[in-house]
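Trainee: Given next are the chains, with one letter for each unit.
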Amino acid sequence: MVKAPPPIRNRIRELRFHAGEMTQADLAARIGMTRQTIVAMEQGKYSPSLEAAFRIAAVFDVDIGEVFQWDG
Amino acid sequence: MSFKEKLSGFALGNIVLVWGFYFTRLAQLSAEGTLTADRSLWLLIGCIVVLLIGYIIGAIAAARSGTQADILVRDEREQAIALKASNAAFMVLGAVLGGLSGFAYVYSVKHPDLLGAEPLSTAALVAINGVVLALAVAEAVRHLISVVLSRRIG
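Residue numbers (this note's numbering), protein chains in the order written: chain A, 1 to 72; chain B, 1 to 154.
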């Protein structure tokens, strides 16, 4: 049985593009995670903790709601 | 692949090869009727040494293929995967040990003469290899789940 993906959308890919095509590795290094976790988040397969979500929002200097949206 | 994923991949291969060889050799010696406590012990020690060397080589290879930041990072998703894998491995460990205990009990009831001339050596040999088997299976499951979950989800 395959677990359903969490009902949370994110705009990380888009925000990276607007941040001068920031690489997944750069973002990962800035928030203290692995590139594989960024890939999993962008594919909607992993929802980060609240702390990590705030860190990601801080990197792009936006509100957390502009990065993650509840889709349930 | 992250550092921990590579490490788990190396460890899984190492465990399957070393313990696969160990139990195959043990079965061969037993079938030939040449299995003694000494031979089993030296085979076990040799396999543990090879396993440790394999772990060290795997860790060095995984470390050299990435940056220092990859090694030091404490990723929450990887920690969650490690926790899931450890939980599964613990269940497997309990199931294998429980299964072996049950088997040993039934076997000893059916074969009351099991404890023969050298009761302690025979019983210890069986018990040690049962524990080694349980640990090897549990560790293999832990690393397998780590690799599979790292590839699939968070």
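It is worth saying that the hints were derived from the structure and are not from the lab.
Remember, it's a predicted structure, so these values are computed and weren't measured experimentally.
Accuracy of the hints is not assured; some may be wrong.
As the list claims (entries may be wrong) - Label pairs and their in silico Cβ distance ranges:
1) A:L50 with B:A59: 49 to 57 Å
2) B:Y107 with A:D71: 55 to 63 Å
3) A:V39 with B:L17: 54 to 62 Å
4) B:D38 with A:R30: 55 to 63 Å
5) A:K45 with B:A27: 23 to 31 Å
What the hints assert, rightly or not - A few chain A residues facing chain B, derived, Cβ under 7 Å:
6) N10
7) T37
8) Q69
Cβ atoms here follow ideal geometry from the backbone N, Cα and C, with glycine treated the same way.
Trainee: Against which earlier hints does the structure fall short, listed by number upward?
Mentor: Per hint list: 1, 3, 5, 6, 8 violated.
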